[in-house]
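Those sequence lines, one after another, are chains G and V. Note that the working numbering has the first sequence beginning at 1, numbered continuously upward. Note that the working numbering has the second sequence beginning at 1, numbered continuously upward.
These are calculated hints, taken from the structure and not from any lab test. Some hints could be false.
To be verified - Below, simulated SDA-like cross-link-like pairs (lysine to any residue); rule was C-alpha separation at most 25 Å, straight line:
| no. | chain 1 | residue 1 | chain 2 | residue 2 |
| --- | --- | --- | --- | --- |
| 1 | G | Lys8 | V | Gln155 |
| 2 | V | Lys158 | G | Arg269 |
| 3 | V | Lys158 | G | Val194 |
| 4 | G | Lys209 | V | Arg108 |
| 5 | G | Lys8 | G | Gly236 |
| 6 | V | Lys158 | G | Lys221 |
| 7 | G | Lys8 | G | Glu202 |
| 8 | G | Lys8 | V | Leu109 |
| 9 | V | Lys158 | G | Thr233 |
| 10 | G | Lys209 | V | Gln155 |
| 11 | G | Lys211 | V | Met107 |
| 12 | V | Lys160 | G | Val194 |
| 13 | V | Lys160 | G | Phe191 |
| 14 | V | Lys158 | V | Asp229 |
| 15 | G | Lys221 | G | Val194 |
| 16 | V | Lys158 | G | Gln7 |
| 17 | G | Lys211 | V | Leu109 |
| 18 | G | Lys8 | V | Trp102 |
| 19 | G | Lys211 | V | Val105 |
| 20 | G | Lys8 | V | Gly100 |
| 21 | G | Lys8 | V | Val101 |
| 22 | G | Lys8 | V | Gln114 |
| 23 | V | Lys158 | G | Glu230 |
| 24 | V | Lys158 | G | Arg302 |
| 25 | G | Lys8 | V | Asp111 |
| 26 | G | Lys8 | V | Ser46 |
| 27 | V | Lys158 | V | Ala134 |
| 28 | G | Lys8 | V | Leu157 |
| 29 | V | Lys158 | G | Glu198 |
| 30 | G | Lys8 | V | Gly99 |
| 31 | G | Lys8 | V | Met179 |
| 32 | G | Lys8 | V | Glu104 |
| 33 | V | Lys158 | G | Val234 |
Claimed, not checked - Chain V regions said to be covered by chain G (calculated; three or more residues, Cβ under 8 Å):
| no. | stretch |
| --- | --- |
| 34 | 109-119 |
| 35 | 207-214 |
Claimed, not checked - Chain V is faced by these chain G residues, among others (derived, beta-carbon under 10 Å):
| no. | residue |
| --- | --- |
| 36 | Ile62 |
| 37 | Ile70 |
| 38 | Gly71 |
| 39 | Trp146 |
| 40 | Gly265 |
Where is the CB? At the ideal position from N, CA and C, for every residue including glycine.
Each chain, letter by letter, is given below.
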Amino acid sequence: MGRYLWQKTVGFALTALLVSVVTFLIIQILPGDPALLVLGTEGSPQAYQELRGELNLDQPAISRFFGWLIGFFQGNWGSSLRYSLPVRDLLQDAIPLSIRLALFAVGLALLIAIPSGMFMATNRHSPLARILSIGTQMGMAIPQFWLGLLLIQFFAVRLTLLPPGGSEGFISLILPVFTLALPRAAVLTRFVHVGLGEALEEDYIRTAKAKGLPRNIVLYKHALRNGAIEVFTVAGLQFAQLLAGTIVVEQVFGLPGVGQLLLNGVLQRDLPLVQTLVMLIVMGILVFNLGFDLGLALLDPRLRYE
Amino acid sequence: MNNGCPMNRRCWGIISIGLVVLMTLVGYFYTPYNPSQTAVLLRFQSPSLQHPFGTDHFGRDIFSRVLVGGQVSLILGLISVSLGALVGVLLGLWAGFRGGVWDEVAMRLSDGLQALPIILLALLFATVWQSGVAVILWSIALGNIPVFLRLTRNQVLKIKAQPYLEASRALGASDRRMMFYHILPNLRDALLVQFSLSLAGAILVEASLSYLGVGIQPPQPSWGRMLRDAQSFASLAPWGVLFPGFFIALTVIGFNLLGDSWIHRRYR
Chain G
1 MGRYLWQKTV GFALTALLVS VVTFLIIQIL PGDPALLVLG TEGSPQAYQE
51 LRGELNLDQP AISRFFGWLI GFFQGNWGSS LRYSLPVRDL LQDAIPLSIR
101 LALFAVGLAL LIAIPSGMFM ATNRHSPLAR ILSIGTQMGM AIPQFWLGLL
151 LIQFFAVRLT LLPPGGSEGF ISLILPVFTL ALPRAAVLTR FVHVGLGEAL
201 EEDYIRTAKA KGLPRNIVLY KHALRNGAIE VFTVAGLQFA QLLAGTIVVE
251 QVFGLPGVGQ LLLNGVLQRD LPLVQTLVML IVMGILVFNL GFDLGLALLD
301 PRLRYE
Chain V
1 MNNGCPMNRR CWGIISIGLV VLMTLVGYFY TPYNPSQTAV LLRFQSPSLQ
51 HPFGTDHFGR DIFSRVLVGG QVSLILGLIS VSLGALVGVL LGLWAGFRGG
101 VWDEVAMRLS DGLQALPIIL LALLFATVWQ SGVAVILWSI ALGNIPVFLR
151 LTRNQVLKIK AQPYLEASRA LGASDRRMMF YHILPNLRDA LLVQFSLSLA
201 GAILVEASLS YLGVGIQPPQ PSWGRMLRDA QSFASLAPWG VLFPGFFIAL
251 TVIGFNLLGD SWIHRRYR
């Protein structure tokens with residue numbers, strides 16, 4: 001386990017460094033002169049000089065990079081140019097909202113995917129399995145924002161059952177969570193279906209059946225347990241997609257989360273804000289994946305010796 | 001899988017993509033109305049014989065706009081995925097064939113790129129560039145490198161162990177000949193599958209970005225952007241939301257099914 005832990009941690013650190021280099025290169029080096037980019041052509045010379053000072057542009061790129069990186073990990077996330085507030089303050093309400101959204105969505109996706117995938121694997125030829133299979137195809141193809149717009153149309157405008165987003169507590173999260181969860185559920189259902197289907201053809205399943213174990217014990221205790229590792233691995237990877245998806249979904253439902261903040265930063269060329277938010281999101285994904293990998297390795301010793 | 005299934009998938013895939021491509025081709029030469037012609041008096045017409053998909057908030061014919069709106073998505077998807085695939089395959093061939101340090105470097109680079117979801121990459125580009133075609137092109141191309149790199153590299157490692165490669169090496173084949181003449185042709189099916197799935201992903205990403213307002217910009221009609229504009233008037237004119245989204249979904253389903261049908265053909 002020690003070697004595995006070490007490998008994973010080094011991999012994590014390297015990836016984190018690479019991502020921060022890419023982020024820094026795109027935001028700070030690609031535009032040539034970031035201060036000119038922020039101000040446009042209308043800026044006065046004084047404003048230009050002030051901004052250069054604020055962005056530390058007089059220092060060489062390399063020291064700016066390390067200054068930013070070290071600051072980032074010390075929790076010094078800089079200030080937004082447009083809101084004139086520390087990024088940390090802007091995030092105070094946004095982060096809990098986005099995380100709640102993402103976690104509910106993962107939970108809901110698993111809740112939908114595991115039973116439907118199991119059903120599809122065990123009842124291949126039933127009409128319901130066919131319908132579920134078509135449903136997963138559609139779930140993977142439907143653009144998330146379109147799904148959100150349709151759900152708003154149907155449940156909020158036509159039936160007036162649920163609020164179309166906004167911030168009225170839990171009930172206003174229902175539609176966004178469904179929008180976020182359904183496409184993920186579709187992908188996961190396929191993996192449960194395929195993984196369980198493969199597990200059911202293994203020799204040990206035949207043995208279990210042959211010695212006369214009841215069908216349910218074979219299914220739940222033998223097949224599902226072994227198939228579960230793979231499903232959870234995929235579920236972990238889906239989390240990254242989900243965090244990216246929140247950007248779109250927050251826009252559809254007008255939720256003031258991290259995605260909304262990021263998009264405003266992009267449109268207003270708020271370089272420090274974008275740089276920090278992208279880093280935060282990616283670090284969130286990486287830390288989650290690392291914890292996830294280690295957790296899985298604790299559960300399944302086979303994974304430690306890859 | 002039962003035997004009828006792959007055929008079905010393939011058929012449905014071809015039908016959906018065929019329909020979308022046909023529409024887009026027709027839209028290139030002929031549309032019932034000028035897609036950018038505004039007519040204030042005809043705003044928010046519900047679907048009718050004159051306007052099969054209704055009209056939008058400027059009185060523009062939504063059917064004509066849907067016909068034209070796929071052009072950029074399809075062409076851009078094709079170019080950017082090809083670009084990513086080309087770079088990814090070349091790097092993957094090199095990494096898998098050479099192994100050692102090359103392999104390690106390539107894999108770490110691909111890890112780093114993979115940690116950045118394509119949408120985030122695009123938002124980074126959109127911060128420093130003018131929103132538009134370039135943002136989508138580069139983010140999808142870069143974002144697709146890791147998938148193709150990994151796929152190629154893993155396949156190369158498998159193929160490299162085959163006796164026929166040892167034989168060709170013994171006959172004095174050069175590295176380049178082995179990579180492009182003996183290994184690459186064996187990757188064709190796997191790459192076709194991935195290409196099709198990546199195209200589906202690219203269409204979705206482009207639509208999402210255009211919806212967010214950092215993708216294709218207004219005078220040029222695109223399905224994602226049409227949805228963005230229609231959202232504010234959705235309770236008044238739901239058809240404006242319905243049709244463009246339907247065609248995005250149809251395109252994505254088509255490419256997904258085509259990719260799937262290749263997988264099933266291979267592993268049947």
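Comparing the hints with the structure gives:
| no. | hint | in the structure |
| --- | --- | --- |
| 1 | G/Lys8 <-> V/Gln155 | holds (24 Å) |
| 2 | V/Lys158 <-> G/Arg269 | violated (47 Å) |
| 3 | V/Lys158 <-> G/Val194 | holds (23 Å) |
| 4 | G/Lys209 <-> V/Arg108 | violated (44 Å) |
| 5 | G/Lys8 <-> G/Gly236 | holds (15 Å) |
| 6 | V/Lys158 <-> G/Lys221 | violated (34 Å) |
| 7 | G/Lys8 <-> G/Glu202 | violated (30 Å) |
| 8 | G/Lys8 <-> V/Leu109 | holds (16 Å) |
| 9 | V/Lys158 <-> G/Thr233 | holds (23 Å) |
| 10 | G/Lys209 <-> V/Gln155 | violated (36 Å) |
| 11 | G/Lys211 <-> V/Met107 | violated (46 Å) |
| 12 | V/Lys160 <-> G/Val194 | violated (28 Å) |
| 13 | V/Lys160 <-> G/Phe191 | violated (29 Å) |
| 14 | V/Lys158 <-> V/Asp229 | violated (49 Å) |
| 15 | G/Lys221 <-> G/Val194 | holds (18 Å) |
| 16 | V/Lys158 <-> G/Gln7 | holds (24 Å) |
| 17 | G/Lys211 <-> V/Leu109 | violated (50 Å) |
| 18 | G/Lys8 <-> V/Trp102 | holds (20 Å) |
| 19 | G/Lys211 <-> V/Val105 | violated (50 Å) |
| 20 | G/Lys8 <-> V/Gly100 | holds (19 Å) |
| 21 | G/Lys8 <-> V/Val101 | holds (18 Å) |
| 22 | G/Lys8 <-> V/Gln114 | holds (16 Å) |
| 23 | V/Lys158 <-> G/Glu230 | holds (22 Å) |
| 24 | V/Lys158 <-> G/Arg302 | holds (22 Å) |
| 25 | G/Lys8 <-> V/Asp111 | holds (12 Å) |
| 26 | G/Lys8 <-> V/Ser46 | violated (57 Å) |
| 27 | V/Lys158 <-> V/Ala134 | violated (37 Å) |
| 28 | G/Lys8 <-> V/Leu157 | holds (22 Å) |
| 29 | V/Lys158 <-> G/Glu198 | holds (22 Å) |
| 30 | G/Lys8 <-> V/Gly99 | holds (21 Å) |
| 31 | G/Lys8 <-> V/Met179 | violated (31 Å) |
| 32 | G/Lys8 <-> V/Glu104 | holds (14 Å) |
| 33 | V/Lys158 <-> G/Val234 | holds (23 Å) |
| 34 | 109-119 | holds (count 9) |
| 35 | 207-214 | holds (count 6) |
| 36 | Ile62 | violated (19 Å) |
| 37 | Ile70 | violated (19 Å) |
| 38 | Gly71 | violated (19 Å) |
| 39 | Trp146 | holds (3 Å) |
| 40 | Gly265 | holds (7 Å) |
The structure does not agree with the numbered hints 2, 4, 6, 7, 10, 11, 12, 13, 14, 17, 19, 26, 27, 31, 36, 37, 38 stated previously, though it agrees with the rest.
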